[in-house]
Amino acid sequence: MTRTLFSQQPSGGFTAQPLLWSVILVLALATPLYAEAPAATDSSAAPPASAGSAASPASPPPAAPDTSARQPALRYSSVTPEAAAPPPMPLLPPPTGILSAEDAPNDAGKAILVTWRPQSAPDDLTGYRLRAEQLKPAAGKANEEKPATPYVFEHSWPANQEEYRIVIEKLVPGVAVNVSVQAVAGDRYSEPSPVQIAVPKGNWFHTGKIPVGLALAVFIGFLLIFVQKSRSGAKLFVRKIAGLEAVEDAVGRATEMGRSILYVPGLSSISDVATIASLSILAPVARKAATYATKLIVPNRDPIVFTVAREVVKTSFNQVGRPDLYDDNSVFFITDSQFGFAAAVDGIIVRERPATNFFLGMFWAESLVMAETGAATGAIQIAGTDAVNQIPFFIVSCDYTLMGEELYAASAYLGTEPILLGTLKAQDAVKLLILGVIILGVVTSLVGSTALFDILRPPQ
Amino acid sequence: MKLKALLNIDRRIIYLIMLLSVIIPLVAKLDLPTKVTSEVESIFNAIEALQGTGKAVLISIDYDPSTAPELHPMSKAVMRHAMLRRIPVLGITLLPQGIGMGVDALGTTAREYGAKSLEDYVFLGFQTPPLSVMLGLGEDIRRVFPETYDKVPTDTIPLLERIKNYDDIGLTISISGTSIPMSWVATAGTRFNQPVAAGVTAVSAADLYPFLQTNQLVGMMGGVKGGAEYEELLDRLEARLGTAEQRFAAMTAEDAAMYKTDRYMARQIMNPQSIAHLTIIAFVLLGNVGYLLTERGRKRG
Amino acid sequence: MTASATAWISTDLWVWVAAIMTLAIFSFLYRDNPLYKFAEHLFVGVSVGYAIAVSWDRVFLPKIWTGLVLHRQWSMLPPVILGLLYISFFFPRYTWIARYPISFMMGFSAGVALPLTVVTDIFIQTRGTFYESNAAGDPLAPIISVAKFQEFAAHPGVLSALNALYGPLLLLGVVCVMLFFYFSHEQKGPLKVAGMVGMVYLMIGFGASFGYTVMARLSLLIGRIQFLLGEWLRVL
Amino acid sequence: MKTTIPLAITAIMGVIMFVQYFVPHQSSENFYFFMLDWTRVIGIFALLIGLSSLIRLHGQKIKRQVPGWGYSIVVIVSLISMACVGLFDGVQEGSLFMKLYLYLMAPLQSTMFALLAFYITSAAYRAFRARSWQATLLLISGVIVMLGRIPLGDMIWSNMSETTRWIMILPTTAAMRGIRLGVGLGMIATSLKIVLGIERSYLGGRV
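Chains as they are written, first to last, in the working numbering: chain F, 1 to 460; chain D, 461 to 761; chain S, 762 to 997; chain B, 998 to 1204.
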């Protein structure tokens, strides 16, 4: 019987199968629940619908997801509905051509996509005028009947293309929109073309985001393969990481000199990847400090990270059989203000004069404030962060810096679980895949196609 | 070995010298020459070219007090230039915190140049979402801004009879520490091919260089250095025209002094910046000289 | 400033408070001293007090008090219960109960971060290595293009050479830096060379980004000195 | 109970928020903001834990009259007074709370930030030494970029700022992009490990 992916670990580990089934079950329940009662959730808990548009403040303008080579649809949303000026007396025959209006794909249901392909055109034609009208339902409760206010949207095109596309936004989901086109010659308007009707509705799946889903599926595939390999005991080679010796001798130095160790697990929250990596390095460091009865100081900026760090240190002291050495005040919370925390850590560095300082986790501009004060006291300093623009400041002020991925690799190495090494191998495999994609990108761009470029386009 | 001393100068001496290299240029009002780069000069020339065309300058003031030290001097310098040349100025902001900045900048510069609100300049205040504003200005300013910042209905303002949309705006300048200038380039620039210039913080200047290359941006002022260059260009122009002396002569001594320091703000910061940069580089070179000599000394000795 | 402009020093109490705090922090540069200790501990106390007042005013009142208690908005009950589970922290035997709110937060941020990281860190960075794009994300020009080499051949010069070589050198840099962080193989042979080239790019990059931020940090110091000399001592 | 349910919660929330990204429907967007509110509400309870740790730590220092316990009093007193001013007198513009923030907390913050100007100098002096070929590269590119940022730089060598621009857009961009790609992979791997229940260190200690 081949071992299933997440079979029961002999060491009584936790099996994930019930977990996967419960996830799918809840998922099946959750989505319809939300679909049936959008009105219910709309009004009560959620902030006003306009939050939808405000949700994307100064993000780059949402180019219409139009992969065809045609003229990109002009995404245009008029700000205030206004009463339509009555068009002057029509003289021209109505324009002939294909006018199509349908619900815009991949959106929350407030937009329709209109395409106009004129066929015959009178010679003195100067342009076309699009007119869309939607009867907004009476707002407010059913009893005080408010007249439905017509929302009219108008736009004019110069007559220079054989096809026009436009996305009209700020519509009410589920209410029909009448769209018609008029030919324009100077100031004379033609009869409006036959009206097309479109109903904007929320879509359930964003087709533009498929590449993101595929990329993650590939990643999950590699992850499961390597985790399974490491679970079944296959020897996975991972080269020695230079930073690890530096961590070992730094702790060793403090224990010899009988001075304390300062361990700052970064300034970010528990859900930050660098904090998690830092906490899994804190465990072995705490174990070593316990074995040599060296004082360990762990200041925190996030209350949750403080609770988890305290658990990690207490458990490490128990594992080494020295629960008596564990001092409850060695792991503490200072403040959540970035520079208040840096000022307090500076105070600790200068007053406690620890022999070794660890700065592992996520840091911002205050990184050099702490690291340079530590350098001035002559302590050995090991830093590690995935904050790319703080790495230079750690490099100039610390003895060793774990750069970006090296922090994750070190935590996988020092971590207790053997399968963590498996995930490191998965990362390397996907890295080679990305290098392949880049090479493929160069080749396709040389040939002049932007296909790969469009696949990797960030979806709106 | 005396050279050994070069190797480890005491930290406190380094800090003291750094402190002095900031204080002395400020107190001694050191005036270092400001070298003007082409990307700032092109904005200056773009505004000069608008003189007499009746077209307006649109300034989008999208920064808050935290980035004001870098951006406020440059927006005031541009406003002074437009007011000197009687070019109408339209002030708008896409960030709520930008309102205070806009009111202060337009107020001080208008008082100095005797520019009258609603005639020489209009502050239209805050409007959102940013994208609709940028696109809306292509159709009709008055639809996007039904009333000015101080609640004056825009359809009653004679200036806005003439200035209706991008066609009547000669240059749009987006001054911000955020990515808003990029959105201006993508909307006003590419869609309505409106000339767009940017005034940004030093940190985000690097991201906008590509737009200069593809001249989607008319020009760019980067950080305090950009502001100092524009102040320098304006001072040179006013010296040539002699307008500065006339104006200051007509004011009380105290006002004249206050406006003079305000016009010098960016350069006042640039002087200690240059000296402090040189101090750091001097220490680095000192350290290396000490290191190389003792190293070589040890190898040969 | 309330006081008359001619006074040689500010008489505004608040300006004095700010000036003393500024000097207290600067005194740490000389050495640790009671004034700095006082300012440091004051900073910690005031910032935590600030956090309490702000979270009371912006989260507790609107969301919990008015939302749950006054408007009977039961959808706000689960987070309050989960939040209250944190109190288990105070009872050593039951601290494991705090794992429930923690795992809720972990699940939420991991779920949200996954697709976003794929787009911002993987898609955009990968795409940027072989294709230039403008702010709206529309394609501009391939980074490595034969045209640039032809242009270089047409009129050779430092600038046109750099323009032509920009693409290949950028690609080389990204590839080598990624191989520098490759863990599944001993750094020997070709991988060692790639690692060395990667290190060249890394060191130049770190030196440059260090040098680039110097101006921003100096302007902070200049701002403080302008405050001390200008508003406080009225020397400027 | 101790581990199965927390891991299940993480997995369920992870999958739901992951799926939410792919659903553009309005109710999915409302669901996202709704969950965001939940996390904010849970977050403020965490402040209680931080507060208790801070008060216990400084309280013990005062009780045991540890040297320097006077400063612990400063922490407790300033904490209580700032919180009370904020809670009772309100946090709106122009209130005493805002004055305390603007003239007490903000100067402390910006001066700590300004210390960086000094620390950058001493760090550059000590670290920018031509010890090895890597350090020499660091030194050269650092100095060129610093010079390229001030007008005097261009006076020393005419295209100093041009070189700075090339250094920023070529090697620096390549290096930062290479690291970010690696970091991105690390983040995805760790987030997946959390959702799939492989990574458990956040539960603290032995699971």
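Quick caveat, the hints were computed from the structure, so don't treat them as lab data. Given the structure is predicted, the values throughout are model-derived calculations rather than measurements. Worth double-checking, as some hints may not be accurate.
[Stated by the list, open to error] Residues from chain F that keep clear of chain S, each with C-beta distances beyond 10 Å, as calculated: (1) Trp157; (2) Gly258; (3) Val273; (4) Ser445; (5) Pro459.
[Unchecked claim] Calculated pairs, DSBU-like style, for lysine-lysine (alpha carbon to alpha carbon, straight line, at most 35 Å): (6) Lys229/F x Lys798/S; (7) Lys240/F x Lys798/S; (8) Lys1060/B x Lys314/F; (9) Lys576/D x Lys515/D; (10) Lys240/F x Lys314/F.
All C-beta atoms in this analysis are idealised placements derived from N, C-alpha and C, irrespective of residue type, glycine included.
Hints, verified against the model:
1. Trp157: 21 Å, holds
2. Gly258: 22 Å, holds
3. Val273: 8 Å, violated
4. Ser445: 4 Å, violated
5. Pro459: At roughly 7 Å from the nearest Cβ of chain S, proline 459/F sits no farther out than 10 Å, so the non-interface label is violated.
6. Lys229/F x Lys798/S: This hinted pair is violated, its Cα atoms lying about 54 Å apart.
7. Lys240/F x Lys798/S: Not satisfied, since the Cα-Cα distance of roughly 43 Å exceeds 35 Å.
8. Lys1060/B x Lys314/F: Holds, at about 24 Å.
9. Lys576/D x Lys515/D: Given pair lysine 576/D, lysine 515/D holds - Cα atoms ~17 Å apart, limit 35 Å.
10. Lys240/F x Lys314/F: 29 Å, holds
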